[in-house]
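> Here are the chains, one letter per residue:
2 protein chains.
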Amino acid sequence: MKYILFFLFASFISTAQITKEQLNLMPWPQNISLNDGSFVLTKNFKLNITGAPNARIFTGATNFLRRLDGRTGLFFNQGFITGLNEVPGAELQINCVRSGKIELYEDESYLLDVTPNKITINATTDVGALHGLETLLQLLQNNSNSFYFPVSKISDFPRFTWRGLMIDGARHFMPVDVIKRNLDGMAAVKMNVFHWHLVDDQGWRIEMKKHPKLIQMASDGNYYTQEEIKNVVKYAADRGILVVPEIDMPGHGTAILAAYPEIGSKVVNLNVNSGEKGQQLTQVQSYALERNAGIFTPTLDPSNPKTYELISSIFDEVCPLFPGKFFHIGGDENEGKDWDSNPKIQEFKKKHNLATNHELQTYFTMQLIPMLKKHNKELMGWEEIMTKNMSKEAVIHSWKGSNEGLAAGKSLVEAAKGGYKTVLSNGYYIDLIYGVEDHYTVDPMPKNVTFTDEEKARILGGEATMWTELVTPATLDSRIWPRTAAIAERFWSNENVTDINSLRKRLKTISFRLEELGLTHLKSKESLLRNISNNQKSDALLDLSNVCEPLKGYTRNSGGTEYKMYSPLTLFADVCTSDASDALDFNQAVTNYLSNKSIENQSAVVSYLNKWIKMNSDLNVLSNNAPLVQPLLPLSKSLNDISQQLLLKIEKKQNINATILNELLEKCNSKDHADVELAVYNSLKKLVQA
Amino acid sequence: MKYILFFLFASFISTAQITKEQLNLMPWPQNISLNDGSFVLTKNFKLNITGAPNARIFTGATNFLRRLDGRTGLFFNQGFITGLNEVPGAELQINCVRSGKIELYEDESYLLDVTPNKITINATTDVGALHGLETLLQLLQNNSNSFYFPVSKISDFPRFTWRGLMIDGARHFMPVDVIKRNLDGMAAVKMNVFHWHLVDDQGWRIEMKKHPKLIQMASDGNYYTQEEIKNVVKYAADRGILVVPEIDMPGHGTAILAAYPEIGSKVVNLNVNSGEKGQQLTQVQSYALERNAGIFTPTLDPSNPKTYELISSIFDEVCPLFPGKFFHIGGDENEGKDWDSNPKIQEFKKKHNLATNHELQTYFTMQLIPMLKKHNKELMGWEEIMTKNMSKEAVIHSWKGSNEGLAAGKSLVEAAKGGYKTVLSNGYYIDLIYGVEDHYTVDPMPKNVTFTDEEKARILGGEATMWTELVTPATLDSRIWPRTAAIAERFWSNENVTDINSLRKRLKTISFRLEELGLTHLKSKESLLRNISNNQKSDALLDLSNVCEPLKGYTRNSGGTEYKMYSPLTLFADVCTSDASDALDFNQAVTNYLSNKSIENQSAVVSYLNKWIKMNSDLNVLSNNAPLVQPLLPLSKSLNDISQQLLLKIEKKQNINATILNELLEKCNSKDHADVELAVYNSLKKLVQA
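Note that the protein sequences, when read in sequence, are chains W and Y.
Under numbering that gives the first Met the number 0, the residue at position 255 of the first sequence is numbered 254, and the numbers go up by one with no gaps.
Under numbering that gives the first Met the number 0, the residue at position 151 of the second sequence is numbered 150, and the numbers go up by one with no gaps.
Derived by calculation from the structure, the hints in this document are not laboratory data.
Treat the hints with care, as some may be off.
If chains are identical, the list can't say which one is meant, so a pair holds when it fits in one copy or spans any two.
[To be verified] Straight-line Cα separation of at most 25 Å, SDA-like style, residue types lysine to any residue; simulated pairs:
1) 208 <-> 316
2) 563 <-> 61
3) 208 <-> 224
4) 507 <-> 528
5) 613 <-> 541
6) 179 <-> 516
7) 208 <-> 81
8) 45 <-> 559
9) 208 <-> 141
10) 636 <-> 145
11) 685 <-> 647
12) 324 <-> 366
13) 229 <-> 206
14) 563 <-> 87
15) 684 <-> 620
16) 536 <-> 617
17) 536 <-> 616
18) 42 <-> 554
19) 536 <-> 520
20) 685 <-> 601
21) 45 <-> 560
22) 399 <-> 551
23) 536 <-> 586
24) 536 <-> 140
Since we're looking at a predicted model, the values are computed, not measured.
Start from the sequences and build out the full structure, keeping to the hints where you can.
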C-alpha cells in the first residue's frame, strides 16, 4: 500500500495540472490552451527541422538546446544542428515553410503544440519558429525531480510590426559583446528592431575608411569596426532582428564637427579692422568632443555644399553595412542658434525663401532623402523632422511628451493622420528610470483618437530608448532589463493584456531567465555593491538598495554637468534600479495591513521596520571602513527614525506626536542624498496617516 | 578643547601608520619602504606624463584614472590623457625614458615614490611605468571618509622574463571580450606573456582567408577573425603583454584533418581484391571534429609533402597576425598509432633512417623551423619536441610531472642543461582545480639542481595553463582567478616571498579588486547558483558551495566522455572553486580549537557545525522545487550527520561510538556526488580523532 501511495503521489506531481496563471510567458501569446498532462524531458530529447527555412534556424535551434540543457543539466545527446531532417524521429519537430526575411511585415507567427510524447512548432518562416522556441523555453516547468512542458496549444503572432529597442553607443561606448547579449535579450522577448544610435555630440562610433578623421578625432578610440558592425547585423538577423543605424544630424553634431569644423555653422567674429575695406572677418570655429550631457548648439551648416558632399560620402560608406531598409538621421533638438548668428546662413535662408529654422532644417533633411534612396533606404527621423514640406516617405519617430510640454505622443497622431509611417518612443524612455507600470500602460495605439484603418496601419509600433549619458557597460543591462520585457509585451500581445499584478509576477521569472543569455542586470549589482562596501560582507547595503531608486527623469544629472562622460558610474545610484523590490513588497504589506490589521499582516509590516532599524545600525558599522557608504547614512537614518516611531505606533499602540511623525516622514522624501530616493515614502505615508 | 581633540583624531585617522603587513600588494615588490604620512586623494588629482614613452602609456594612464575614480567616487576632473606634459603641475608625475618593446628581456622596472604632496613613477620604459601604476592602485588605502596612498618608496623589477598565462580557445571557444578582460587581469598582476592555444582536436579558431575550409568545417562557426586577433594583439601590447599563438601539430590534429583529411595519417584498409594484381587498397580516412576530451590518434602525415605545403601556407597567413618572436607548434601527445599502421609512413621512416616515431616527429618539427624563421619567429613546443636531433633554437615548454609518471619539471632541467631555452608549466595547470598553495610553492627555478649561470638564464620563467575541456566563458574566470595572481607573484617576486598566510590574506583583496576589470570570477557564481536553485532565495546553496571543491586532476571527466564539448557546465561543480572559503576558515578554527579549547575557539567550530545542520535542512526544502539541487543532498546530509555527532561530542562531551563516527566521517570523503568533494573532510577528521 505504501508503494501504491508513493506511486500515486509521484504521478500526481509530475502531471500536476498547470493553470495559465502559473505560466511565466512574456510577451503573453495571442492564444493559448492548456490540457492535462506533460511532456517530460530526458537526456534523449532531440529536435528535428524540416521545410525550407533560412540557416539561422540551425543556430537558433542549437542555442535552444544548450539553454535548455544548461537549465536542466540533462546532458542532451544532441550537439550541433547543422541541417534539415537530421533526426526524423525527434520528439521536437520544427517545420518552416520558407526562409524569413529580416524586414517589417514579415510573417512572425507560429503554432506550438505540446503533447505528452511530441512537440511541434509550425511556422511560415524561421523567424516565427524562433519565436516558438523562445515560448517553449518559457513554458518549462519542474517538480522536485524533473523538468517538463505542460500539454498545450499556442497560436501566436505580433500585434505591431515594429518592436524596437534603441541603444545609444555614442554617449558611453557599448562594446560589441554588450550589444550582442542585449540582442539575445530582445530575441527572448520577441523584439525585432534594434535601433543603434551611433553618433552624437559625445562621439562618432563607426569606423570610417574614407574619413578616418572621424575616428581619429571624434571617438576617443572607442568605435565599432566595420567588420564588427557587419557581425552585429548578422548576429541580429540570426535572431530575427532588423538593425536600424542612426547618425544624428544636423544637431547633436559636435562629433562630426570635431573632425570637420569647416562644415559647422558657428562663426567667430573677429572684431578687428583689417583688409582693405576694413570689413568684419569671420573664421571657422573649432569643436571639441562634448563631455557633458544636454542639448548643445553645434550643428551642421545647411548652406554649405561641402556638408552634403560629406554626408553623401559617409552614407556611401555606412549604408552598405546595414542591409535593412531604414536609416535614422536623428534630426532632433537642433536649436539653430548657430544658424541665427551666421550671416552666410541667414543669406541662404532668404535666397531659398526659408522663413524659419524649421524650414531650413527641412531643406537640409530633404537633401538626404535621395542620398539614402540611392542605397535603397528610407529616411527616419525624430519628430522634429515632420514639418509641412517633409516628404511623406519619411518615418516619424515620436518621442516628445509632458517633459517637453506636449501631450504624450502628440506627434504620433499627427504623423499617422498626416500620411507618415510612425513609431512611438514617448513613454518608453527607459533611461529615465521610471517604474515598469509607467511604460506598460502606454500603448502605441492612442486610445482616444479615431483613426481610419489606413492611419492605424501607419502606426508601426513602438521602441524603448536606452540613452546612455548615465550608463556604462556595467550598468546598461540593469537599465534595460527586465522592464523592456514588459514593453515588448505591450508591442506584441493583445491590447487587453494589461494586468499589472500578472506582469510583475511573470517579470520576476523572466528577469531570472534572461541571465542565461549573459545579461548582467542581476549580477552586476552584487559586484558594484562589493566596491561600495569596500569588500565587507553585509546585507545592509543590499537591503538599502532594495528600497531606493535612482532619481528619475532628468534630475540625477541636472544641468548635465555633474556627470561627465568619464565620471564614475560605480555608485549607489548605479546599483539601484526602478521598481525597488522591497519597496514593492512593503507597499503590498502596508495595503494588506491597512485593510485588515491581522496579526499576520501587522507582522509583515513590522518585520520590514525592524529590518531597516538593523540595516541602519549595520550600515554605520560598515561605513567605518567604506567612504562610499558615508553619503548613504542620511537615507538610512531617515528610514531608521521613522521606522522606530512607526513601531511604537503599531506595536505599542502609542500616540506619536503628529508633527514629529510628519517631520520624520518628510525626511524620507528627500532627494538630496546619493542621487537616489527612498521608494517606500508613499507606503510610509499611508502608515503615518492611518 | 573638543575641537582640538577632534582635529587630532581626524589627523590620526588620515595618517595612521600603515605597516607592510597591511598592504595587499601582489606580486610583492622587490623593495619597499614605508614612511609616516599619506597622500590624500581629492577630485583635483591629476597626472602628467613626460619623457619619450610609447603611446600605450596614455591609454594605461587614462584607464588608471577611471579605475581609481570608480573605486573612490571622487569625480576626477581629468578626462582622457592623450599627450605628453598636458598638466605639468600634476600631483602624479610619470616619466619614461623610452618606448618599451613587447618582447622578452625588456626593462620592466619602475621606481614609485609617494610623498604627502606628490607621487612620481620613474621607469626606463612605459611597460615599467604601467607596472608602477598597477602597484599604485594596489597601494590604495582608506579610512572612513577618504582614500589615500601611504608615503612609500618602491623599487621593483621582475625575477623572470616569461610570466605567462595560456588560455585554450579551442576546446571551448572563448570570445574576444573574455580574452580581453583576462588580459586586463594579467596586466594587473604584471604578467607579460599570453599564450593563445588556438587549435586542437575540438576546433580550429583562426579565420583563414586562403584556407576557408578550416573555418567552414572545423570551427562550428566559433573562431577569431583576423581583425579580432590583431585587435587582441594590440590590446595586449597596450598592456605590456606579448601574444604567443599556438597551432598544435602533428597530434591534436583532428580539426585540421576535418578540413584536410588528405594529409592525415590514418588509412583504411579495404579488404577487397580489386585491381589487376589484387593488391590491397587504402583510402583516405575522413575526420570529424572531436567532441570528447582526451588524447586522440588523428595526426598529420609527416611523409606527405602536401602536409608541409599546407603548414607553410598556413604560417604565411597566421604569422603576420602576431608580431612577437615566438610561435608555439604544440607537438604534445602524439602517440603515432596512425603512423604505425600506415605502410607509406613506415616506408618513409626506413628511407630516412628514422628509427622511432619520436625521430619521425623530430623530422616533422624540424621542417617547421625554416617556415617560421621566414617570418622571423622562433619555434616553441611542448616538451615532447625535445629529442636528440631537435634544434637548440627551439623553446621547450615543460609540462609533464607526477601525473605522467615523471619527476616534476624533469624536462625543464634537461632543456636548460641541454642548451634549450625553457618555460615551466608543470605545477601551474590551473584547470586541474588544485589549491593555490600547490601552485604557489612551485618555483620555475628547481631548488636541488646545480646550474651554471648560462643554464639558469635559459629558464625563462613559467606559465599557468588554462585548458578548457570543462570550462565555458561563464566559468573561465573563476578557474583562472584569483589563483593566477599567486602564480604571477611566484614569477615576479623574490624567491623568498613564500608566506602562504600572507598570500591568502592578500589574495582576498586582490581577488575583489580584479572585479573592476570586468572579470566574472565572483559574480558568475551568484548567477549560476540562481539557476541551480531555480531562482529561490536561500543561503544554503552558497554555504554548501563554500565547503565543496570540484573533483581535482582529471577525475571529474574520467575517460573524457562524460562531458562533451557541448555538455552543460552550469552545474554545482562549476560553481565551486578550489580553496573553498569556508573550508579554509573552518580548518583554521579546528586548528585553533585543538591547540586551545577555549570557549571562543570552541564556539567558532560549533557555529560551523550548526550552520551545516541548518544548511542541510534548508537545502531539503529548496530541493522540492529545484531538480538540480537533488544531487547535492547526499553531500549535505553527510555533513549534517557528522556535524550532529561532533556537536554531541564537543558541546555535550558525549562519548560517541568511534565506529559510527568514522563511518559518518568517511561518508564525507565521498567523490560520488555532483562531481565535487567536501573540502572539510580533513578538518572533520582532526575533530573526530581528537
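> Provide an ascending list of the numbers of those earlier hints which the structure does not satisfy.
9, 15
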